[in-house]
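Model the full structure from these sequences, guided by the hints.
From first to last, the protein sequence lines stand for chains A and B.
For the record, in the first sequence the residue sitting at position 91 is 91 according to my numbering, with numbers rising by one throughout.
For the record, in the second sequence the residue sitting at position 388 is 552 according to my numbering, with numbers rising by one throughout.
Wrong hints could be hidden among the right ones.
Stated by the list, open to error - Here are the simulated distance ranges between beta carbons: (1) 460/B to 10/A: 35 to 41 Å; (2) 584/B to 116/A: 51 to 57 Å; (3) 118/A to 333/B: 57 to 63 Å; (4) 660/B to 1/A: 27 to 33 Å; (5) 584/B to 118/A: 44 to 50 Å; (6) 92/A to 359/B: 33 to 39 Å; (7) 550/B to 118/A: 55 to 61 Å; (8) 460/B to 114/A: 28 to 34 Å; (9) 380/B to 53/A: 25 to 31 Å.
Unchecked claim - Chain A is faced by these chain B residues, among others (derived, beta-carbon under 7 Å): (10) 378; (11) 382; (12) 383; (13) 386; (14) 510; (15) 561; (16) 594; (17) 808; (18) 809; (19) 821; (20) 842; (21) 843; (22) 851.
To be verified - To list a few chain A residues with every Cβ distance to chain B over 10 Å, as calculated: (23) 34; (24) 61; (25) 70; (26) 75; (27) 83; (28) 117; (29) 119; (30) 147; (31) 152.
If you're looking for bench data, these hints aren't it; they were derived computationally from the structure.
Just so it is clear, CB atoms sit at the ideal spot from N, CA and C, and this is done for glycine as well.
Chain by chain, the residues:
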Amino acid sequence: MAISLNVNGETHEVDVDPATPLLYVLRNDLELNGAKFGCGLGQCGSCTVVVDGAAVLSCVTPVSLMEGREITTVEGLGTIEEPGPLQTAFIEMQAAQCGYCIPGMMMSAHALLTRNQQPSDREIRDALMTNLCRCGTHMRIMAAIRRAGELMQQAAAPSERRAG
Amino acid sequence: MTIVPKDGFTRKGLTRRSVLTGTGALVVSFALAPHVLAQQQPVAAPEPPKLPGSLDDARRLDAWIRIDANGDITVFTGKIELGQGIKTALRQVAAEELEVEPGEINLVTADTGRTPDEGFTAGSQSMQNSGTAIRNAAAQVREILIAEAARRWNVPPETLRAEAKTIVAQDDRTIGYGELVSSQLLAVEAQPESLLKSPDALRVIGQSIPRVDIPAKVTGGVAYVQDLRLEDMLHARVVRPPSPAAQLQDVDTASVEQMPGVISIVRDGSFLAVVAEREFEAVNAMRALQQAARWSEQAVLPDQNNLQAFLEATKGDIGTVAEEGSPEVSGKIFEATFRRPYQIHGSIGPSCAVARMVDGRLTVWSHTQGVYPDQEAIAEMLGMDLANVRVIHMEGAGCYGHNGADDAAADAALIASAVPGRPIRVQWMREDEHAWEPFGPAMLMKIRAGVGDDGRITGWNYDLWSNVHSTRPGGAGNLLPARHRAQAFSVPAPRFNISQSGNGDRNANPLYAFPNRRVLWHFAPEMPLRVSALRALGAYANVFAIESAMDELALLADVDPVEFRLRHLEDERARAVVEKAAEEFGWSSGAPEGDRGRGFAFARYKNLAAYLAVAVELELERETGRTRVVRAVSAIDSGEAVNPDGIRNQTEGGIIQATSWTLYEQVTFDDTRVTSTDWSSYPILRFPSAPDSVEVHVVNSPGQPFLGTGEAAQGPTPAAIGNALRQLTGVRLYDLPFTRERVKQAIGV
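Right under this line is the structure:
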């Protein structure tokens, strides 16, 4: 079945079984590496993407529900040459060990920071409730999210922007 | 011939390197290890000199460092990136001694076609082994380049210096590295001694340069074997048996063969797998096969609620780990039994591999910790020549020891051999990893120790019961699919061995000084549940028991626990980390108020590697039994610090991971099946339970050997948590993990 998907601002036509989890379509059909397979059960958050502003577990979301929605993956936050604020913050804080869970963390954070760029400690922890990290990078992940919020606020405040 | 048994497998005498092609000035094919030559000669050759780190096993400089005619520098390591930052740290040591920038080093990690054989990336030994080898090789290469320039210019070498890929003379003449290596300049055996840069001259070592792998990982670059997408690649899933001793009786594959996208069903004894065009088709076919398969099962598992009985009943050898003075203890006595359950590695990404068989030649991409041992085991499983099997490392999710990586590689290899031509990608499901990865073994520790009127320990009796903690390949029998095939390879009998760095007995002997001790390992040979190396091996539970006992003895002696430890520590570096952690924590200002307690613990990993002390502040919610580490403050000395932020990152991770093991984690099973098969039946620490802060203070030891970092926090952390709970509630917990139920029961809620 042909399905039209809007991912990171681009429209893609894919021909897949409509029951296919969005994750497999993102990874295999669109060749996007960011969302990861972790459990296939919606328990670990490695597959998290943002759909219409909300964090969604793509491993348990059938692709057929995604038509007409705006899907964002970590690839939509910036590039290795021009990283976005979340990516910049994770690099700056060296907030990864193996890094496998990190894109999912970043997408949960993206959904949070889009709503609230000064989240409290409690709000960050709650937003990451579904995301598991096994390397124990939790402290740096939380620090990177706070830092990303700062970077986003700086970018949104033109009066403070430096010339050039 | 076989030599150098190391970490449970046997190395070959031949160290192979592929022919280096392209424009490289150095072309080397085989570097024969001297012991092979020795065997071929009728007269015994003299023992070759010991070389630094892994240079001792791959002795030629060009096995490690290649400089092309255009000056490009490539460094080869047999170690792999596990998320510990080794790709960055190894570049740093090479760049330091070669007088270039880290970004100018091209690093090739483990690949049986290209790199030295460094066995497994395990035991926190990458910096000691590979880091030491590369640093020494780089220093020797630099000196060879200087000598060559001196020869060409006819000037004394001590008048020359290396700088930015060139050798510079006093008169400012320069010549590039690439011009100098136009002959087989580096095709020489390394020397035992190197002219290493002095600690005060270091530019790159000791700097927290950013990890080279993180930018791709946060922008969706290809970073893991899971991301490998080869042309015409097929997707496979394995239908694992429902329980460890299950055998496949019958499976009607006809209907599954008709499912969309199914290419092939591979059955070989109890090994059952499906290959399909698309990934979700493979998943659907796997689920259908699970329904169609009929298995015979056997109730062979021990009683989960009485692992002590199982461990005490499985009779094996008893090994003496340490003995000093008399086994008698006197004075005030502390006596207790501690227990640890089976625990999992729990990689966030389940194991994955890609394999392709073309014209009888097999290539496997795997996140294995040991490409050479895996190559050997896979070749044995398939009855292939070693030369026709190549194993290339690609990163996976963090593994923390021997997880399903090797098995997934073997799955892919076996399926590719049955379905040759197109690449086969095998992705384990979550339940495969949870139920089939080798677990960290259950352990039982009994301790009896005394403290005299002088406040010093009089004697120490310690008995531990455990399986072996490494069943890595070496041998096809350690690969799951090889066990399940019709022509099954049997599980190799575990080898019991008391070694310097320890296994189940790792850190069983306290570092503390006292006159009388006896430490015994009661070896448990039966392995009803599959077990192998989990980060720190036995050190996690042994240090938990020892450091819990140290606090109890301090109480009996009526001495502050930090002071009590210092009283028994003679090693200055041990004392330094204890004092540093205590000071940074603010230990002298007393215990916290309210429902918060504090605890301290220390160990030197393996009694010969990194020193680590940690103090924690723990909060307890009495009504629910919920505990949380609020604050952890640690100090670590892992020798000369190459990348201090890398040491901090790994140590923070070690503390948090060990906290998760300690508060939540145990494998569950009934008499037949493993029942903890996902994150809901095997919960781990989530963000709401993460600490408020984790501090790591790096105590640098310039000029000292690299000691490794990755596992140092695993032992002290559970003890510090137990000690904090004891300080707060007056009750000690002896059984890991400290679940809410256990805490509530202990404090009488």
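Evaluation of the provided hints:
1. 460/B to 10/A: 35 to 41 Å: 52 Å, violated
2. 584/B to 116/A: 51 to 57 Å: 54 Å, holds
3. 118/A to 333/B: 57 to 63 Å: 59 Å Cβ-Cβ, so the 57 to 63 Å window holds.
4. 660/B to 1/A: 27 to 33 Å: Taking Cβ atoms as reference, residue 660/B and residue 1/A lie about 59 Å apart, which means the hint is violated.
5. 584/B to 118/A: 44 to 50 Å: 58 Å Cβ-Cβ, so the 44 to 50 Å window is violated.
6. 92/A to 359/B: 33 to 39 Å: 37 Å, holds
7. 550/B to 118/A: 55 to 61 Å: 59 Å, holds
8. 460/B to 114/A: 28 to 34 Å: Since residue 460/B and residue 114/A have Cβ atoms about 54 Å apart, the given range 28 to 34 Å is violated.
9. 380/B to 53/A: 25 to 31 Å: Distance hint for residue 380/B, residue 53/A holds at roughly 27 Å.
10. 378: Holds - the Cβ of residue 378/B comes within 7 Å of chain A, reaching about 5 Å at its closest.
11. 382: 5 Å, holds
12. 383: 5 Å, holds
13. 386: Because about 6 Å separates residue 386/B from the closest Cβ in chain A, which is inside the 7 Å limit, the hint holds.
14. 510: 6 Å, holds
15. 561: Check passed: Cβ of residue 561/B comes within 4 Å of chain A, closer than 7 Å.
16. 594: At about 4 Å, which falls below the 7 Å cut-off, the nearest Cβ of chain A leaves the hint on residue 594/B intact, so it holds.
17. 808: 11 Å, violated
18. 809: 6 Å, holds
19. 821: With Cβ-Cβ at 4 Å, under 7 Å, it holds.
20. 842: Holds. Min distance 6 Å.
21. 843: Result: holds, 4 Å to nearest chain A Cβ.
22. 851: Cβ of residue 851/B sits 4 Å from chain A, so the hint holds.
23. 34: Given a closest Cβ separation of 4 Å, the condition is violated.
24. 61: Check passes; 13 Å lies beyond 10 Å.
25. 70: 17 Å, holds
26. 75: Contrary to the label, residue 75/A does not stay out of reach of chain B, its closest Cβ about 4 Å off (not over 10 Å).
27. 83: Since the minimum Cβ distance to chain B is about 6 Å, residue 83/A lies within 10 Å and the statement is violated.
28. 117: 19 Å, holds
29. 119: Label holds. Min Cβ-Cβ 12 Å, cutoff 10 Å.
30. 147: 13 Å, holds
31. 152: 16 Å, holds
Checked against the numbered hints above, the structure violates hints 1, 4, 5, 8, 17, 23, 26 and 27; every other hint is satisfied.
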